[in-house]
Structures are given as structure tokens and as C-alpha cells.
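Numbering (the working numbering), first residue to last: 302 to 1021.
For the record, the hints were derived by calculation from the structure and aren't laboratory data. All residues carry an ideal CB built from backbone N, CA and C; glycine is no exception. Errors might be hidden in some of the hints.
Claimed, not checked - Derived Cβ-Cβ restraints for the label pairs, each shown as a range:
(1) Gly-913 - Ser-711: 30 to 40 Å
(2) Pro-659 - Gly-956: 51 to 61 Å
(3) Ser-736 - Ser-996: 35 to 45 Å
(4) Gly-956 - Thr-396: 26 to 36 Å
(5) Gly-582 - His-847: 48 to 58 Å
(6) Gln-421 - Asn-462: 15 to 25 Å
(7) Ser-679 - Ala-713: 32 to 42 Å
(8) Lys-903 - Val-952: 26 to 36 Å
(9) Asp-833 - Ser-506: 30 to 40 Å
(10) Lys-576 - Arg-829: 39 to 49 Å
(11) Tyr-740 - Glu-1017: 29 to 39 Å
(12) Asn-644 - Glu-1017: 54 to 64 Å
(13) Gly-383 - Lys-427: 46 to 56 Å
Unchecked claim - In silico lysine to any residue, SDA-like type, Cα no more than 20 Å apart, as pairs:
(14) Lys-691 - Val-730
(15) Lys-670 - Ala-682
(16) Lys-341 - Tyr-942
(17) Lys-1016 - Val-350
(18) Lys-621 - Thr-609
(19) Lys-940 - Phe-336
(20) Lys-456 - Pro-505
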Amino acid sequence: MRIRSSVLAVSRYGAGLMLVASAVVLMSAPKKTEFTIHDKEYYASPNVVNFVRPGLSIKIVSANIASDGTISVDYKLSDPKGLPLDQNGILTPGTIAVSFLLAYIPKGQTQFYSYATRIQTSPITKVTAIQAGADSGGTTKQVGDGEYVYTFRTKAVGQNNAPWDPTATHRIGLYGSRNLTEFDLGTNYDDETATWVPAGGPIPSDNRDVIRTASCNKCHDSLAFHGGSRRSLELCVMCHTPQTSDPDTGNTVDMKVFVHKIHMGSGLPSVQAGKPYQIIGFNQSVSDWSTVNLPSDARRCGFCHESTTGAAQADAWFQKPTRAACGSCHDNVDFATGKNHVNLPQVSDNQCTTCHIPQGDLEFDASIKGAHAIPTQSASAPGVKVELVKVDNGVAGQKPTVTFTIRDNSGAGLSMADMTGGNNRIGLVLAGPTSDYGYTNFGADVTTGGYVSENPVPTAKCSPDGTCSYTFAHAIPADAKGTFAIGVEARRGLVILPGTEKEQTTEYGAINKVTYFSVDGSAVQARRQVVDIAKCNGCHSFLSLHGENRNQIQMCVLCHNPSETDKARRPIATVAADKAAPPQAVNFAQMIHKIHTGEKLKEAGASFTIVGFGGSHNDFTEVRYPAMGNTGAVADTAKCYMCHVNNSEAVLPIGKNNVTDPQGLLNPVAATTSACTGCHLSKSALAHAVSQTDSKFGESCDVCHAAGTDFDVIKEHAGK
302 MRIRSSVLAV SRYGAGLMLV ASAVVLMSAP KKTEFTIHDK EYYASPNVVN
352 FVRPGLSIKI VSANIASDGT ISVDYKLSDP KGLPLDQNGI LTPGTIAVSF
402 LLAYIPKGQT QFYSYATRIQ TSPITKVTAI QAGADSGGTT KQVGDGEYVY
452 TFRTKAVGQN NAPWDPTATH RIGLYGSRNL TEFDLGTNYD DETATWVPAG
502 GPIPSDNRDV IRTASCNKCH DSLAFHGGSR RSLELCVMCH TPQTSDPDTG
552 NTVDMKVFVH KIHMGSGLPS VQAGKPYQII GFNQSVSDWS TVNLPSDARR
602 CGFCHESTTG AAQADAWFQK PTRAACGSCH DNVDFATGKN HVNLPQVSDN
652 QCTTCHIPQG DLEFDASIKG AHAIPTQSAS APGVKVELVK VDNGVAGQKP
702 TVTFTIRDNS GAGLSMADMT GGNNRIGLVL AGPTSDYGYT NFGADVTTGG
752 YVSENPVPTA KCSPDGTCSY TFAHAIPADA KGTFAIGVEA RRGLVILPGT
802 EKEQTTEYGA INKVTYFSVD GSAVQARRQV VDIAKCNGCH SFLSLHGENR
852 NQIQMCVLCH NPSETDKARR PIATVAADKA APPQAVNFAQ MIHKIHTGEK
902 LKEAGASFTI VGFGGSHNDF TEVRYPAMGN TGAVADTAKC YMCHVNNSEA
952 VLPIGKNNVT DPQGLLNPVA ATTSACTGCH LSKSALAHAV SQTDSKFGES
1002 CDVCHAAGTD FDVIKEHAGK
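Work the whole structure out from these sequences, hints included.
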């Protein structure tokens, strides 16, 4: 008997489409329908684009498993507009290579089991391992324009050589690449998956739909593993199963284990104990994840396990804990012996939920959510909220008075006494002009560059509802012009679970607020927006720095301005070498570019260390920027749009204040040069910038690199 299992029917199948459509679950990432300014194709000549029709879209039409286990899949190849492509590259430019996966979830299990496997023997350990992978040696037949049927060489055989089960959930996966390098258009990639039950009926909700690709792409921009062709998590989980391990290291590459370990990286107990976490991949390439520092708090499981993406099993992390998943981060736990598990052996996952319920009555208990609670965001915190109401006397030569409110989450007013002692504090920062911060002098007693920070607690006058007024001790300079800014930051200390064994002291902060006012009667002009905190939090989840004090970009740039360095903290540096080294510039553009360049600084023979509060040593050359390039390499800092808004990377800061950079090759350094050489680290790049800078007229970077020019910044970074 032949079992027909259409995943998707084409129009020629007529009424068949209506019969099978309800059983279809397409789970690949959304397809691009047109090129954007960040795509290389956008800048190709119209003649080349019309001829080549760059791009690749793979669509699964139908799948079939015959009663004898013969597997076939009908698929279409097209350009982004839906026009068919020739797989052989004869009728349309560019040959297309397509690979095929098929897996199923055995009854009573939760993960896929791949029908196609390979044997991998380590040349190091001589150990042999089975690995899930793509089928090879099958046959391809063209059945229409851009439409093909591939018949697997592998037959469907169940786990432990059992007969294949047509009532089990199956997933077909295709991934491919289109080679357009001869047209200087690189290689196009796509993948596609479809999930169905061959015997018919609805797709079970338990179909390994735990995390969606969109959640990964918040940090990675576009998943592009194994050379670029694997682009969706829905495809990845078909091979990254318990079947698959690395014979060189003995480490499993089961998705729920190795992804947790990768993201924990340097925070893994095993790594901290001295054992690196590595996977040896294709051609014996070594991937060492021991230096990874997750940009979000690792306890924030819901940041990846998002319930908002529609993933059917998004709550599995707290509803169905397992030894493998939990032990991947907590890898110093030995479930067999009970070591680091309150001396209790755990021989199966059956009783995990007995102790580790989804959520308990208290934070920081043994429940899943309780154990992953973040102290600085404790639900028990009364909260602190600040607003800037108005600025009076904010004119040149005068001391401005700012009216602000400070209240807790219930709306009750807080007094200045509430902000005194322990970790409590409130600060008001005055800076300007907004056209470019950095070199305004607020008085001989002010040691900070271009701004002044004051504590309003001793003299602010507050009403019971939390409305306060404070007059700055420092005046706006008499010759000041334009718009100035006042920002507020506030933090409160908190004792969590006092009087218990879980008692701990922490702190939490208010969302910063900044207000702008004219000091000379001119129109108020807010500081230019270059990046957005929402984009920062796309990866960092909730970026809060300097002891929970600063969390908004418009606040950060008040202090991280062109004149500011870490000079004030170098004398108390905890590392001797930092004391001896010159101060480090902390201007926002240069600092953020260098921090995210991270590991590539070290590769270029450069470094970037900031001495922070308390003399702390902050070396950013271990940062591994997670954005992926087209071939899957991380640290793709060419994707400026990951942080920048409104294409601001092409709005060059020509004419803005020079940056004080004592550790740089050039000090002071012009604003655009400083920003761009934060990523472009070579001496030749700096020499180029210097050669295009005139001592009288300044930088000329915009002549070649501004929006619309021949070497437009966005164009040069496109497709990199």
C-alpha cells in the first residue's frame, strides 16, 4: 500500500490543495520579497539585476513516503519575485545546490530523529560517532519550470530499526545555495521546512517548536550556519538531536545542550574550573566557546524562549525541565551521584517537576522561575520612577532650577531621605550644547569633561507627593548658546527575603529621563539620535550600567562625550599596568564601536580597556559580537543597522568636536575618523582618514562616504 503524504499541493492538483492545507505547518523564516539598501544586490546595475534575478527562494510543494519507506519531495526554486530558477544554472544564471533532510519524532519522545545519518570518526581520538545529516546519492527529476522532485537514497526506517511510523510527526527540510559570484553578487541562501503527519490529521502541538528563528535573530540578525545555508532554527533541530555528537571532544551537539553551553560560555562552571568548551566541526575546525559572554543575563531564559513568537512549546523551559537542558548550564551538577544537587541522585526526568515547579510563592526558591529570578529586577522592589517636569532660569550665566518628580511604583512620593544612605542615590547631570557635548566648562572645580553631575539630596525641596525642585550649584557658562540638557538618574537599594537563608542585598534603578531647554532664546534642539536603546535591548534585553544608574542612550552621551576619558580612575586602577597606561577615550561612538569589535581588536594587535568605577579593569577584547555575516561568521560589525537608526551611519559627524584619545595613534582625533576607526583598525585606514582631513577645513569624509556618494557608507557595508 502506498501512503500519500502531501505537505503542500500545487494548483495542478486541484481539489487536493483543500484536503491537505489544514495539515501543513511551514516553519521557515519570513522570505525577503525585495532588496533593501543593506543588500549588495540593491546596488547592482538594473541590467545585471534583470538578467541575473538574484536571490533564492525554496518552497516545498509536497512530500511523500511510500509504504516501503521510499522518500520523495517536490520543491520549487524561484527568485524573490516568484519567477522559476534553473537548478543547473543553464536557463537562469547561477547553479543551485540543494540538500535534503527528513526526520520524525518517535512516539513518547520530544525531539526529532533523523532518517539520514553518517558515521564520523575522529582522527584525534579514533572514536566513531553517528551524526544526523542530509541525504546523499538520491535522484533529482525536473517536473516543471523551476520545479523538481528529489527521491532520497535513504529509506525511512524507524528508531532501532523499527518500521517507520506514518502516524508520527514528520518534518521535511531543504537548504540550498545559489552561486552568483561570477556576477559579483556573492552566494544566495535559503532553507525551508514543513511539518506533517503522513497518515493525515492535525499536527500535534508537541512538534519541537520551542524557540523560533526570530528570537535568535534579535542578536544574530540572520542565522547562517555551516557556510550560510542553514538559516532557520526549525531546520537546525532536525540534525542537532540526541543522535549527534562530536567524536573529537565527546560533546553532544544536541540543540538543547550545546546552545545553552555556547551562550553560557565563560559562565559555565566547567569553563571556570579550567576546562574549555569546544566543538570540533567540519575539516577539524575548532570552535571554542569558552570566551562567550552573553549580552543578556543568562537567568533571563524568557529572552530566547519567547512566548510572543507563537512557538507552541515556548513555556517548555519552565513547564518541562530535564536533566539534559538544565545540566547544560549547570554543568557542575552530577545527576547520577547527586553532587551539587543537594546530594540527591536523579536517575530520570520524571520527578524534576516535583521540586522544580514552574513558579513558587517566593523568588529565588527551587521553582524554575524563582531560581532564575534576577535580583536587580525583583518583583518585590517598591520601584523608583522619575520625571523631569520643567527647567526654570535655564539661561546663560544663571544656575538652572529643575522641577522633577520621584515616586515608587504605586505612585507614592519619595523623599530625599529615601534616596540617602546605602545604595540609594539620585543624580542630576547638566551638559550642553546638544549640537555637540564635550567641551563646555562648568567651573574650575568640575573635573568631569563637558558636563557636571550634582547630588540634589541635601538641598532639594520636595512635597509629600514626590514633586521636588533643585537649583544647580553650577551655572550655565555666560557665553553658552543653543540647547542644553539635564538628565536624571536614580537608584534604590533593596534587601530581598530579609531574615531568611536567601537574604541578599541588591539595587534597582529608574528609567533615565532627559529634558532639553534653550539657554539663549533660540529654538530648542534635542541631541541628534544615532542609535536607539530599543536596538541595544534587542540583544542586551535590558541594558543597565554603572550600578543600575544608566539605561537610556540620551543619558549615556551626556558623559560619554568627546572630551571624556577614564583619567580620573586610572590612579586607583586595580591592575598595575592600567595605572601606567595613558587614559582611555570613552566618547560614545568610538567606545561602542570598539567594544563591539571585541575579539577583532586582538586579532589586529589592538586593545581596548577602560578603567571603571573602583578602578575596575574592563577589557573588551574578549567580546564576540553575535551578528552573523552571509556565510555564518560572527562578529559582523558591517551590519551597522543593528544599532543605528534612520540610516544614521551614513550621516557622518563632520565638523563635530574632536575626540580626546590619549591611547590612540592620533590625539586629538577628528570625530568621523574616531568613529570609523573604532572598527576599521588598520594604520592604513587611519592614514586614509588623516590624508582627507585639512587643518583648516576639517574632514572631507562626506565627499566619498556620505549617503548617495560613490562609496556611500551603507553601500560599502551592504552584504558584507
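Violating hint indices (sorted, rising): The structure breaks hints 3, 4, 5, 7, 20; every other hint is satisfied.
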